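Enquirer: Here's the letter readout for the chains.
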Amino acid sequence: QKEVEQDPGPLSVPEGAIVSLNCTYSNSAFQYFMWYRQYSRKGPELLMYTYSSGNKEDGRFTAQVDKSSKYISLFIRDSQPSDSATYLCASMDSNYQLIWGAGTKLIIKP
Amino acid sequence: EPEVTQTPSHQVTQMGQEVILRCVPISNHLYFYWYRQILGQKVEFLVSFYNNEISEKSEIFDDQFSVERPDGSNFTLKIRSTKLEDSAMYFCASSEALSSGETQYFGPGTRLLVL
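Taken in order, these protein sequences are the chains called A and B. Each residue of the first sequence is one higher than the one before, starting from 1 at the first, in the numbering used here. Each residue of the second sequence is one higher than the one before, starting from 1 at the first, in the numbering used here.
Be a bit skeptical, because a hint or two may be false.
Which chain B residues stay away from chain A? Per the calculated CB distances, all over 10 Å, these [claimed, not checked]:
#1 S66
#2 P70
#3 D71
Taking beta-carbon pairs under 8 Å as the criterion, some of the chain B residues facing chain A (in silico) [what the hints assert, rightly or not]:
#4 K42
#5 V43
#6 F45
#7 E56
#8 F91
#9 L98
#10 Y105
#11 F106
#12 G107
#13 P108
#14 G109
Taking CB as the label site, the calculated pair distances span [stated by the list, open to error]:
#15 A:K42 <-> B:T76: 32 to 42 Å
#16 B:Q41 <-> A:T24: 12 to 22 Å
#17 A:T24 <-> B:G72: 38 to 48 Å
#18 A:N55 <-> B:A97: 21 to 31 Å
#19 B:H10 <-> A:E45: 17 to 27 Å
#20 A:G16 <-> B:L30: 22 to 32 Å
#21 A:R77 <-> B:K78: 25 to 35 Å
If you're looking for bench data, these hints aren't it; they were derived computationally from the structure. Please read all numbers here as calculations on a predicted model, not as lab measurements. We put the CB at the ideal spot given by N, CA and C, even for glycine.
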């Protein structure tokens with residue numbers, strides 16, 4: 001089964017809040033996990049990728065993978081209106097194909 | 001910063017017509033991909049391409065579709081006889097390698113509308 005599940009939202013939070021975006025996946029063979037940001041009518045832009053379990057931090061963004069529960073998270077600290085976009089999680093299968101979640105629409109209210 | 005570019009940004013065509021979507025991958029990348037995203041739906045993998053041949057393709061990528069790298073810079077997706085359901089955003093992506101940890105960088109997409 002090649003599925004990545006993601007709540008489409010929308011998720012609306014006030015500026016400055018911590019945002020938590022989540023995905024679950026079903027294939028325990030997945031090893032690489034990506035978060036992309038997609039602005040309206042634009043291509044996905046890679047934000048972060050992680051290998052296996054653990055955390056990875058880049059500025060205000062933290063990606064977390066828990067392989068035991070097949071759970072992927074992206075945290076955004078001090079959220080800004082410019083963070084408003086659709087966030088897509090993706091996993092890479094053994095054929096190096098990206099398997100995508102549906103994307104969560106995030107709205108940061110000023 | 002190098003980026004993937006795609007042309008045209010929008011394409012409107014009549015059902016049954018052929019369309020060619022063009023992509024210029026990042027110059028030192030060797031692996032190329034096409035994805036599509038029907039409005040409101042997930043991004044779907046179409047095909048990957050390496051060393052002038054298709055590496056992988058999905059069930060969506062049937063005989064109506066073809067890909068080509070006609071020269072050292074362009075990577076094209078051809079849809080031979082478009083159908084209404086081909087209307088979608090088509091994204092090209094490229095990566096430096098296929099090995100673990102390498103990531104794919106996406107172009108801005110071509111919005112195809114089939115009437």
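Enquirer: Each of the hints needs a verdict: does it hold here or not?
Expert: These are the hints, each one checked on the structure:
1. S66: At about 19 Å from chain A, S66 of chain B clears the 10 Å cut-off, so the statement holds.
2. P70: Non-interface label stands for P70 of chain B: nearest chain A Cβ at 22 Å, farther than 10 Å.
3. D71: holds, 23 Å
4. K42: Status holds, d = 5 Å.
5. V43: This hint holds: V43 of chain B lies near chain A, its Cβ roughly 4 Å from the closest one there, short of 8 Å.
6. F45: holds, 5 Å
7. E56: Check passed: Cβ of E56 of chain B comes within 5 Å of chain A, closer than 8 Å.
8. F91: holds, 5 Å
9. L98: Interface hint status for L98 of chain B: holds (5 Å vs cutoff 8 Å).
10. Y105: holds, 7 Å
11. F106: This hint holds: F106 of chain B lies near chain A, its Cβ roughly 4 Å from the closest one there, short of 8 Å.
12. G107: holds, 5 Å
13. P108: At about 5 Å, which falls below the 8 Å cut-off, the nearest Cβ of chain A leaves the hint on P108 of chain B intact, so it holds.
14. G109: holds, 5 Å
15. A:K42 <-> B:T76: 32 to 42 Å: At 21 Å between Cβs, range violated.
16. B:Q41 <-> A:T24: 12 to 22 Å: The hint (12 to 22 Å, Cβ to Cβ) holds, given that Q41 of chain B and T24 of chain A are roughly 19 Å apart.
17. A:T24 <-> B:G72: 38 to 48 Å: holds, 42 Å
18. A:N55 <-> B:A97: 21 to 31 Å: holds, 25 Å
19. B:H10 <-> A:E45: 17 to 27 Å: holds, 20 Å
20. A:G16 <-> B:L30: 22 to 32 Å: The hinted range 22 to 32 Å is violated for G16 of chain A and L30 of chain B, with Cβ atoms some 43 Å apart.
21. A:R77 <-> B:K78: 25 to 35 Å: With a Cβ separation near 45 Å, R77 of chain A and K78 of chain B fall outside 25 to 35 Å, so the hint is violated.
Hint compliance for this structure: hints 15, 20 and 21 are not met, and every other hint is.
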